[in-house]
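Participant: For this one, chain A is given, so just place chain B on it according to the hints.
2 protein chains.
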Amino acid sequence: MTETQKSSFEESTLNRNVLNAEYAVRGAIAVKAQKYGEQMRLGEDLGFASIIQCNIGNPQILHQKPVTFFRQVLALCDYPDLLEKEEAKALFPADARARAAEYMGRISGGTGAYSESKGALVCREHVAKGIEERDGHPCDTDDLWLTDGASAAVNYILQILIRDEKDAVLVPIPQYPLYSATLSLLGGAMVGYYLDEKSGWQCTIDKLRETVQQARDQGKCVRAITVINPGNPTGQVMDRETQEAVVRLCEEEGLVLIADEVYQCNVYAEKKRFDSFKKVVRDMGSKVHLLSMNSISKGFFGECGRRGGYMECVNFPEGVKQQLYKLSSIKLCPNINGQICIAMVMNPPREGDESYELYDREKHGILDSLARRAKMVVQSLNKLDGVSCNEVEGALYAFPRLEGLESKGSAEGDVPADAQYCMALLDATGIVTVPGSGFGQEPGTLHVRTTILPPENEVAETMARWAKFHQSYMQAA
Amino acid sequence: MTETQKSSFEESTLNRNVLNAEYAVRGAIAVKAQKYGEQMRLGEDLGFASIIQCNIGNPQILHQKPVTFFRQVLALCDYPDLLEKEEAKALFPADARARAAEYMGRISGGTGAYSESKGALVCREHVAKGIEERDGHPCDTDDLWLTDGASAAVNYILQILIRDEKDAVLVPIPQYPLYSATLSLLGGAMVGYYLDEKSGWQCTIDKLRETVQQARDQGKCVRAITVINPGNPTGQVMDRETQEAVVRLCEEEGLVLIADEVYQCNVYAEKKRFDSFKKVVRDMGSKVHLLSMNSISKGFFGECGRRGGYMECVNFPEGVKQQLYKLSSIKLCPNINGQICIAMVMNPPREGDESYELYDREKHGILDSLARRAKMVVQSLNKLDGVSCNEVEGALYAFPRLEGLESKGSAEGDVPADAQYCMALLDATGIVTVPGSGFGQEPGTLHVRTTILPPENEVAETMARWAKFHQSYMQAA
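Respectively, the protein sequence lines represent chains A and B. The numbering of the first sequence is our numbering, which starts it at -12 and goes up by one. The numbering of the second sequence is our numbering, which starts it at -12 and goes up by one.
Some hints could be false.
[Said to hold, decoys possible] Quick list of in silico lysine to aspartate or glutamate cross-link-like pairs, EDC-like style, CA-CA up to 20 Å:
1. 207(A) with 239(A)
2. 52(A) with 71(B)
3. 52(A) with 89(B)
4. 350(B) with 68(A)
5. 22(A) with 103(B)
6. 350(A) with 82(A)
7. 116(B) with 129(B)
8. 76(A) with 74(B)
9. 153(A) with -2(B)
[Stated by the list, open to error] Away from chain B, derived, C-beta distances all over 10 Å, residues of chain A:
10. 92
11. 260
12. 309
13. 348
14. 349
15. 403
Source of the hints: derived by calculation from the structure; they are not laboratory data. Using N, Cα and C, we set each Cβ at its ideal position, and we do this for glycine too.
With the rest of the complex left out, here is chain A:
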């Protein structure tokens, strides 16, 4: 074996697109936090009581209870023998048993068989029903693909669009780094459009149009725009007027509209309401090509680990849908457990059903608590010196701006000042966050993303730890 041949599997010889991809949500800080967690399990004292994972929207890891009805149905579908056992009747309400029997009756082979590549028809029917109720417009099950989380949907749409490094997709800055990472992997270009922090992270249409033009002037072929609503990491809820302007822009510029709407249940601001882009497009009678995504990972259910979701392809040409079908068929099918879960998220228990009261109580319990936590986190952050934070109108994150550390960043060389801050915050308090540089931000500004997910009775203590750290860090800076 010659040395040349041996070395051909070194890191440097790998696909450059992979080497170039970045994903800060699970980057160096998250990796260090995991090590700390292991050290603490082995009894080491790191000076704080626990690791608080505010780096990722993962509610159940912070003890959010799953929705009981969903879990009952899932358990029955995994072990359908229970449906026939008398003893199980005391453990599962009648509507959960009926629902599980419906899924098991209509999903050939149950949770252990590959389904149709787009997802089992009964699950797509339930999703379609929920979309129709939400929007007041019909939904064709043929336009629906169930997916292993929204990440899979993002991958599908970008994979069919990106042909080479000239093909570009507009992505908000700050953005959820799945978009930049996926575009890197596919060898395409990301064109950022800045959200306006001063106006509560709203999207400015004139600036957006300018960004499209600039990209074209640079030889890019702008194929699509991603809108994240409610915003991640920025927490804003888009107003209806801006949504309509985005649709018109897509019509005028020939852009596919990729609507990341995974936080659609997470709206806390009293004056705000979530309208899906599907509703906006249909209300306007627009023919714009729209991909609308949803996920079981967020909302009040937070079933991240189950990997479920859907994408609805609105006004897509038949040939494009055939290509998407082929892509989904290569992956065989999304996991059935996740398919059943998204079906229930979109078609939950109804008033009068045995499980309705508990379901409704769990739902509002979690959403009301999230709304309170959103306020508490923002208020605490705004009390810190040099920190300003917009209202968290929706989603699961606050994205405060840090001022007064800009010089620190440049002096230290490569590690951005916000990443230094987040690492120091972890070291001192066990709180895990993600630096703004992982999402993109206006040059010269610094931010941190934190979730609002610590349990409500721990938020005050968490924010107090943070405040204490902040004071001493800024004094030393």
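Facilitator: Coordinates of chain B only, in the frame set by chain A:
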């Protein structure tokens, strides 16, 4: 909106790699079968009693019962409240409850939370234990990634390897078309090496070496070789001598060895035994870079719809593993339900455990039946005029050769003769198969892939339907 901009989302404007990809297992014949199924549900008489899906290794859709212990533990993990309920004790054996409690105690946030990107440590530990018992060599959990089925693993390894259209991977012909499809999507090259039908689909090392040289002469950079053992669609089990020769070839030629071992539990031939490439590599003391894959979809468990599996990266450079970690972190994590299932597949109930007897009976019941069905299918096929079929030593498929139809193919133009045959077989009998052209075959030969999965009491009738069709089809040809 100008016409040019409007047309930019037509099929023809999509990523060429996507347009070029093919995946016959769920191609035109499978799509037609699905339509037939819907017509029959609506009461239409198509002249046969049922659709028999022999196109895909999907045991539970053909009524294979899932392993009880696995399903009990999964149900408890989905609805862990049951662990605390007295009434549930009658429904779940003690070892299933203990196992679920172990997983729930060690997977932070349970089945609803994102785990570490490589999979929860407890699940990787159970997988590692199973690998060690299988091979008699240590397994480091750090080398393990849990995956959503083996497809995800194939995607990871090819994604890091393929840089451009010159980069090539050796794939057996006939092959499982996931490889050709994924290489198309990534814009890489597939170099086929022919398996030798006359010697029971064995791999001939001299021919393999010749193929590598020819590819290099054509300017290809051959980066890896895929071995599918037991073979799909060909059903052979590789002998130890050939395995060692493949390892030596990889060493000499600097190739990464991709071992698709998802059928490792499915060996029926009495004189054959499955040795993992991990065992072979370690026994030889080789430093070859080996990726070994397994899945919950096959074996005697057949949990296809759950999407679970693992890949073990043996002798991989640290930097390469870091890139794989990044890729897996962009996908957040494999679904937890699937993680738990692969953990149980690799660490099943032990002798003395309450569930052992049932587990063992279910396991051997299915495997013994598969062995009998493998024989029945091959014998029936070999009785057909112009059909010859090798022994199904392992896996879930027979791949008979058809003779006497070669002229039919060329006369008809584009549709290959084997695809015509399979379509006619579906139309006449409801049996769904895949033409050999979907897997690749020696030029001038024709084959069909069928699973051996119809329920044992239906195999004779299925093969009789096929025989009747075959006779009249060949007469008309």
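Participant: Run every hint past the structure and note whether it holds.
Facilitator: Each hint, compared with the structure:
Only pairs whose Cα atoms come within 20 Å are accepted, and residue 207(A) paired with residue 239(A) is accepted, the gap being roughly 17 Å. At most 20 Å may separate the alpha-carbon atoms for a hinted pair to count; residue 52(A) and residue 71(B) meet this at roughly 15 Å. A hinted pair counts as satisfied when its Cα atoms are at most 20 Å apart, and residue 52(A) with residue 89(B) qualifies at roughly 19 Å. Distance restraint check for residue 350(B) and residue 68(A): the Cα-Cα separation of roughly 18 Å lies within the 20 Å cut-off, and the hinted pair is therefore satisfied.
Proposed proximity of residue 22(A) and residue 103(B) is supported: the alpha carbons are some 12 Å apart, at most 20 Å. Using a Cα cut-off of 20 Å, the hinted pair residue 350(A) and residue 82(A) holds, with the two alpha carbons roughly 18 Å apart. Taken as a hint, the residue 116(B) and residue 129(B) pair is honoured in the structure, with Cα atoms around 13 Å apart against an allowance of 20 Å. For the suggested pair residue 76(A) and residue 74(B), the alpha carbons sit about 10 Å apart, so the restraint of at most 20 Å is met.
Restraint check for residue 153(A) and residue -2(B): satisfied, since their Cα atoms lie roughly 18 Å apart, inside the 20 Å limit. Separation of residue 92(A) from chain B is adequate, the least Cβ-Cβ distance of about 12 Å exceeding the 10 Å criterion. Its beta-carbon lying about 27 Å from the closest one in chain B, residue 260(A) satisfies the requirement of being farther than 10 Å from that chain. Non-interface call for residue 309(A) relative to chain B: violated, since the shortest CB-CB distance, roughly 7 Å, does not exceed 10 Å.
No beta-carbon of chain B is positioned within 10 Å of the beta-carbon of residue 348(A); the least distance is around 16 Å. With 10 Å as the threshold on Cβ separation, the claim that residue 349(A) sits away from chain B holds: the shortest Cβ distance comes to roughly 13 Å. Residue-level check passed: residue 403(A) sits 19 Å from the nearest beta carbon of chain B, beyond 10 Å.
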